[in-house]
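Colleague: Model the placement of chain B on the given structure of chain A, informed by the hints.
Residue numbers (the working numbering), protein chains in the order written: chain A, 1 to 355; chain B, 1 to 226.
Quick caveat, the hints were computed from the structure, so don't treat them as lab data.
This list has only true hints and no planted wrong ones.
Pair by pair, the computed Cβ-Cβ distance ranges are: (1) Glu126(A) with Pro142(B): 14 to 22 Å; (2) Gly120(A) with Arg41(B): 46 to 54 Å; (3) Val49(B) with Glu126(A): 42 to 50 Å; (4) Ala213(B) with Pro33(A): 46 to 54 Å; (5) Gln131(A) with Leu46(B): 37 to 45 Å; (6) Ser191(A) with Pro142(B): 33 to 41 Å; (7) Thr38(B) with Pro272(A): 48 to 56 Å; (8) Phe137(B) with Ser34(A): 35 to 43 Å; (9) Glu175(A) with Leu54(B): 56 to 64 Å; (10) Glu117(A) with Leu204(B): 55 to 63 Å; (11) Leu205(B) with Glu117(A): 52 to 60 Å; (12) Gln131(A) with Arg41(B): 36 to 44 Å.
Incomplete in silico selection of chain A near chain B, CB under 10 Å: (13) Arg75; (14) Phe81; (15) Phe87; (16) Lys101; (17) Ala141; (18) Arg144; (19) Ala145.
Chain B is nowhere near these chain A residues, computed Cβ spacing over 12 Å in every case: (20) Asp193; (21) Arg276; (22) Leu343.
It should be emphasised that the depicted structure is a prediction, and the values quoted were computed from it without experimental measurement.
Ideal Cβ placement from N, Cα and C applies to all residues, glycine included.
Listed below are the residues making up each chain.
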Amino acid sequence: MSIQIRFKIDRGEFVLDVDMEIPDRGITAVFGPSGCGKTTLLRAIAGLEPCHDGYLRVGEMLWQDGAFFVPPHKRPLGYVFQEASLFAHLNVCRNLEYGIKRVPASQRRVSLHKAIELLGIGPLLEHTAGQLSGGERQRVAIARALAVSPGILLMDEPLAALDQARKQEILPYLESLHDEFDIPVIYVSHSQDEVARLADHLVLLEAGRVRATGPIGEMLTRLDLPLAYGNDAEALIEAVVAGHDDEYDLTLLDFSGGRFTVSRHDLPVGHPVRVRVIARDVSLTLEHQSGTSILNIFPATIEEITPAGSAQMMIKLMSGDVTLLARVTRKSASVLDLKPGKLVYAQAKSVALLS
Amino acid sequence: MLNDADLAAIAITLKLAATTTLILLLLGTPFAWWLAHTRWRYKFMLEAVVALPLVLPPTVLGFYLLVALGPQGPVGGLLEHLGGQPLVFTFTGLVIGSVLYSMPFVVQPLQGAFASIGPRPMEVAATLRASPLDRFFTVAVPLARSGFLTAAVLGFAHTVGEFGVVLMIGGNIPGQTQVLSIAIYDHVEVLEYGHAHWLSGGLLLASFLMLMAVYALNRRFSLVRP
Chain A
1 MSIQIRFKID RGEFVLDVDM EIPDRGITAV FGPSGCGKTT LLRAIAGLEP
51 CHDGYLRVGE MLWQDGAFFV PPHKRPLGYV FQEASLFAHL NVCRNLEYGI
101 KRVPASQRRV SLHKAIELLG IGPLLEHTAG QLSGGERQRV AIARALAVSP
151 GILLMDEPLA ALDQARKQEI LPYLESLHDE FDIPVIYVSH SQDEVARLAD
201 HLVLLEAGRV RATGPIGEML TRLDLPLAYG NDAEALIEAV VAGHDDEYDL
251 TLLDFSGGRF TVSRHDLPVG HPVRVRVIAR DVSLTLEHQS GTSILNIFPA
301 TIEEITPAGS AQMMIKLMSG DVTLLARVTR KSASVLDLKP GKLVYAQAKS
351 VALLS
Chain B
1 MLNDADLAAI AITLKLAATT TLILLLLGTP FAWWLAHTRW RYKFMLEAVV
51 ALPLVLPPTV LGFYLLVALG PQGPVGGLLE HLGGQPLVFT FTGLVIGSVL
101 YSMPFVVQPL QGAFASIGPR PMEVAATLRA SPLDRFFTVA VPLARSGFLT
151 AAVLGFAHTV GEFGVVLMIG GNIPGQTQVL SIAIYDHVEV LEYGHAHWLS
201 GGLLLASFLM LMAVYALNRR FSLVRP
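Chain B on its own, in the form it takes in the complex:
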């Protein structure tokens, strides 16, 4: 069945996915709101950047992150200069990579949900004395709840499923940066099919359940809408 390294990989994976999802919701919500409402003529360029991880091989993203975060890279070098440690082969490095890698899965559903609300409910709230922040939390967020649910689950599930980026910048250190997908790869490499089965099957089932929950809940949300 599962050995200690497998359990550690599961724990690290869940921790990574939860941290990434939380950061993405915090940063992605204002960003998605801005994208949904700005009339800036070059916003399409930012939208393209957000969507890049959808089409790029994860190894490309991982490669650039490795270069940037490594001791010789701009970010890693700066950190080292300031007396810190480079971020490659650390959990923090993984979080940074995952945030970039899963960004479209969080930002796009949120942007779509915000855009579909339209300007009217916010205008109504304004005429009912709600300040911009007040109406954002009491009108926009509740009306976009299906978008938030989709964003959170997709961001989480996609981070759980990442492989290439982690492989490039994570270093596959058991108990520190070894995540599930890589643990499975390692098991298969040494022909431990039993372990690979347990982990793969579990991941398959968990992902299926999460997605099913999203679609079922979104269906319910769309039913209560007028």
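This is chain A alone, in the form it adopts within the complex:
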């Protein structure tokens, strides 16, 4: 099953015109610059945005088809707004209970207890919204949305209104959503970092239209999309913990193209992890270097080369069945005679574990 979305919303100066199908599992990020229509799209999915021309089917549930329209309160969804929007007249506990009370007992699959525990808000239950910090408020809002046992969770930049420290406070909770609940999530964001950490699937929105959609790893390394040309252009690699090096305090991660060595993370062997390799941290050599401090070196084949600005080239590499990006100067590309099909060695100066 999947989620089928077709909306056309005309606001004069702004037109949202989307027609797409996304998987109904995992986290799908809707990514794009401010004003591209991400929030409008999410609100239309929830039924909060009047839209007379649309079609929306979530799994087996038809929510909208032209004049047929299921009102928001009859859609089994959870919605997390950019600002936490807790009810000011209720304390945390009553905020959490507000939705649950309106869900028939037979449809409750997420226990309130589990939502409270997962978001770490047990000690806050008697507080009013005004007594909470921004991060705490947003955690309560996420728990409140989860507690109605939604068939789909819609999140509108839940971290955008928070400072960096608060973001770091909440991100682990969002990551655990993925593992703990089998609820599809549509996550609106303009932060590539959040998207890289959380998403399985990416919808790239530009000026109210879908530019491209696909699995996150594939989308980030597509050289025909702007994602590969930002300063943080990156490749995501799914790997598993292969073991630890006790002598040097390192962790070894296996992927199909080889083995990463990173600083030690206390994770069990076999644990799946997501690894980020930033394009500007990858350099290329024609022979396997020996006298180098770089640990992560992999043989790779050049797939595609495109200019990135006037002085640099973006190079897409395949190592095993994993895609990597490398950003090198145009001069280096010329000196090394880099071209598609050529075998090179990719040296990753730094490799980051995301989860």
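Modeller: Coordinates of chain B only, in the frame set by chain A:
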């Protein structure tokens, strides 16, 4: 001190104010909600109509009511045709006049309170499965409670203080339509200053206490808001 007519006037005044406030809250709440949310382009005309009693001399409103409700007027005539009694010089007539006269004091605070909630809490409630009526009573009403308090007290106090409309359509019948403000006027006319003092002083004190309660409670409400 107070004679029987004075006590009757006090009772009628309280009954009139309570009835008027209740009717205004019942009718004014949906009306204020609609005013706060409609995108109808001509809503400003209705807002102006609601505000009219703030600026019109009460005698003007009273005069038109007298004409409309009297036996020759459209409403009074219709009632008479249907076998009823005209409404002028009756308590019901007073209630109708007071509802119109005190309307802005109830509708405006409610409209302001509803507007200041903004759309977001209602949207949140919708995503938490609350139907429109459910979210109105469980979210909008509690969040607008200071507006309700202000509306109720101002509507009540303003009805207690009305004079001109009552004078025009009430007929000043002791024990039936004679309210406090008019009783005071009558006392002064016949130089019974003692009675006038008691009634005026009592009204002054009661009004002051009511308003003070509103402002004190609103202050508390605004403190618990985030």
